[in-house]
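The sequence shown stops at residue 135 when you use full-length UniProt numbering, and every number in between is there.
No lab work stands behind these hints, which were simulated from the structure alone.
The structure presented is a predicted model; accordingly, all values stated were derived computationally and were not measured.
Fair warning: there could be bad hints in the mix.
[Unchecked claim] 30 Å max Cα-Cα, derived DSBU-like pairs, lysine-lysine:
#1 LYS101 x LYS113
#2 LYS101 x LYS86
#3 LYS86 x LYS52
[Unchecked claim] FRET-style restraints, in silico, Cβ to Cβ:
#4 GLY76 x TRP107: 21 to 31 Å
#5 GLY118 x ASP94: 25 to 35 Å
#6 ALA72 x ARG112: 52 to 62 Å
#7 ILE70 x PHE96: 33 to 43 Å
#8 LYS52 x GLY89: 43 to 53 Å
#9 LYS101 x VAL69: 36 to 46 Å
#10 ASP75 x GLY98: 30 to 40 Å
#11 LYS52 x PHE100: 30 to 40 Å
#12 VAL69 x ARG112: 49 to 59 Å
#13 ALA51 x GLY87: 39 to 49 Å
#14 ILE49 x LYS86: 42 to 52 Å
#15 LYS86 x LYS52: 37 to 47 Å
#16 GLY103 x SER83: 11 to 21 Å
Where is the CB? At the ideal position from N, CA and C, for every residue including glycine.
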Amino acid sequence: MVPALCLTPPSSLKTTPSPGIGIESHTNSKHIRVNNVFQGPPTTKHCFIIAKATKGNQKGNQNTKPNSVICADCDGNGAVLCSQCKGSGVNSADIFDGQFKAGDSCWLCGGRKDMLCGNCNGAGFVGGFLSTYDQ
1 MVPALCLTPP
11 SSLKTTPSPG
21 IGIESHTNSK
31 HIRVNNVFQG
41 PPTTKHCFII
51 AKATKGNQKG
61 NQNTKPNSVI
71 CADCDGNGAV
81 LCSQCKGSGV
91 NSADIFDGQF
101 KAGDSCWLCG
111 GRKDMLCGNC
121 NGAGFVGGFL
131 STYDQ
């Protein structure tokens with residue numbers, strides 16, 4: 001639907017004393033009236049813009065780049081720090097009844113200090129190799 005102001009011929013419009021975009025007050029503080037270079041007759045219907053604010057990130061572990069295909073967990077690297085040794089590459093304590101001794105190479109990452117990202121399967125982008133990510 002086209003506003004009535006757009007259908008009014010330019011000869012019936014009068015110019016405002018200060019051309020440009022202005023903001024006028026209204027009884028409802030959520031409405032903002034925008035005046036363009038031309039102002040129509042008083043019978044012209046006015047268009048109002050309603051602005052709504054969002055609360056932002058509701059979940060603490062939500063993707064910080066929602067429109068990006070780069071994996072948020074590994075930042076496109078394809079690897080994350082080892083969850084067992086926290087990136088040190090060695091066991092901090094004896095694990096599994098002494099089968100893996102403290103000071104030896106980490107039993108989970110093998111001393112490499114990082115592991116394959118579980119979110120993108122090492123691809124570095126969401127929807128990577130054989131991913132179950134659906135949107």
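Taking the hints in turn, this is what the structure says about them:
no. : hint                       : result
1   : LYS101 x LYS113            : 17 Å, holds
2   : LYS101 x LYS86             : 16 Å, holds
3   : LYS86 x LYS52              : 42 Å, violated
4   : GLY76 x TRP107: 21 to 31 Å : 28 Å, holds
5   : GLY118 x ASP94: 25 to 35 Å : 26 Å, holds
6   : ALA72 x ARG112: 52 to 62 Å : 22 Å, violated
7   : ILE70 x PHE96: 33 to 43 Å  : 36 Å, holds
8   : LYS52 x GLY89: 43 to 53 Å  : 49 Å, holds
9   : LYS101 x VAL69: 36 to 46 Å : 42 Å, holds
10  : ASP75 x GLY98: 30 to 40 Å  : 37 Å, holds
11  : LYS52 x PHE100: 30 to 40 Å : 54 Å, violated
12  : VAL69 x ARG112: 49 to 59 Å : 26 Å, violated
13  : ALA51 x GLY87: 39 to 49 Å  : 45 Å, holds
14  : ILE49 x LYS86: 42 to 52 Å  : 50 Å, holds
15  : LYS86 x LYS52: 37 to 47 Å  : 42 Å, holds
16  : GLY103 x SER83: 11 to 21 Å : 19 Å, holds
Going down the numbered hints, you'll see the structure goes against 3, 6, 11 and 12, while the others check out.
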